[in-house]
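Novice: Throw the hints in and build the complete structure from the sequences for me.
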Amino acid sequence: MVAAMWKVFTKAGQPGWAALIPIVNVYFLCKVAGRPGWWLILMLIPLVNFIILIILDIDVAKNFGKGVGFGIGLLLLPFIFFPILGFGSAQYQGGPQSIPTA
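For the sequence shown, counting from 1, position 63 maps to 116 in this note's numbering; every step adds exactly one.
If you are wondering where the hints come from, they were derived from the structure by calculation, not from laboratory data.
The reader is advised that the hints may include incorrect statements.
Think about it this way: if two alpha-carbon atoms lie no more than 20 angstroms apart in a straight line, the pair counts; the simulated DMTMM-like pairs of lysine to aspartate or glutamate are [as the list claims (entries may be wrong)]:
1) 60 to 112
2) 64 to 112
3) 84 to 112
Here are the simulated distance ranges between beta carbons [said to hold, decoys possible]:
4) 147 to 77: 16 to 22 angstroms
5) 101 to 75: 15 to 21 angstroms
6) 129 to 98: 19 to 25 angstroms
7) 130 to 89: 23 to 29 angstroms
For each residue, glycine too, the CB sits at the ideal point set by N, CA and C.
Specialist: Right, dumping it as structure tokens:
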């Protein structure tokens with residue numbers, strides 16, 4: 054799982070070593086998803102963290118040219134879908150997404 058996440062981070066232009074360090078890997082997952090790093094704080098709130106993780110996984114999938122179903126796969130079966138993303142032919146297509154402000 055760590056090797057697959059390392060490859061995903063590397064494909065997205067982030068440091069691969071970040072996959073080794075708990076909490077830091079969530080910060081860089083936010084970056085790969087195109088979301089702000091402060092979303093890491095939201096991961097500390099019970100129930101909110103599950104919603105944030107769903108959003109992050111779907112955004113990671115979209116930034117690699119995959120669909121919502123693949124993002125749900127990243128959430129439910131990460132040990133299968135992260136290696137597919139990391140070691141497969143998917144290319145990182147996204148940068149920071151434009152998030153509308155109110």
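Novice: A separate judgement is required for each hint: does it hold in the structure or not?
Specialist: We went through each hint and held it up to the structure:
1. Between residue 60 and residue 112, the direct Cα distance comes to roughly 17 angstroms. Compliance with the 20 angstroms bound is thereby established for this hinted pair.
2. Taken as a hint, the residue 64 and residue 112 pair is honoured in the structure, with Cα atoms around 15 angstroms apart against an allowance of 20 angstroms.
3. Proposed proximity of residue 84 and residue 112 is supported: the alpha carbons are some 10 angstroms apart, at most 20 angstroms.
4. Evaluation of the 16 to 22 angstroms hint for residue 147 and residue 77 yields a pass: the beta carbon distance comes to about 21 angstroms.
5. Separation of residue 101 from residue 75 is about 19 angstroms and conforms to the stated range, judged on CB atoms against 15 to 21 angstroms.
6. The hint said 19 to 25 angstroms for the Cβ distance between residue 129 and residue 98, and at roughly 21 angstroms that hint holds.
7. Checked against the hint of 23 to 29 angstroms, the pair residue 130 and residue 89 passes, with Cβ atoms roughly 27 angstroms apart.
Violation of the numbered hints given earlier is absent; every hint is satisfied by the structure.
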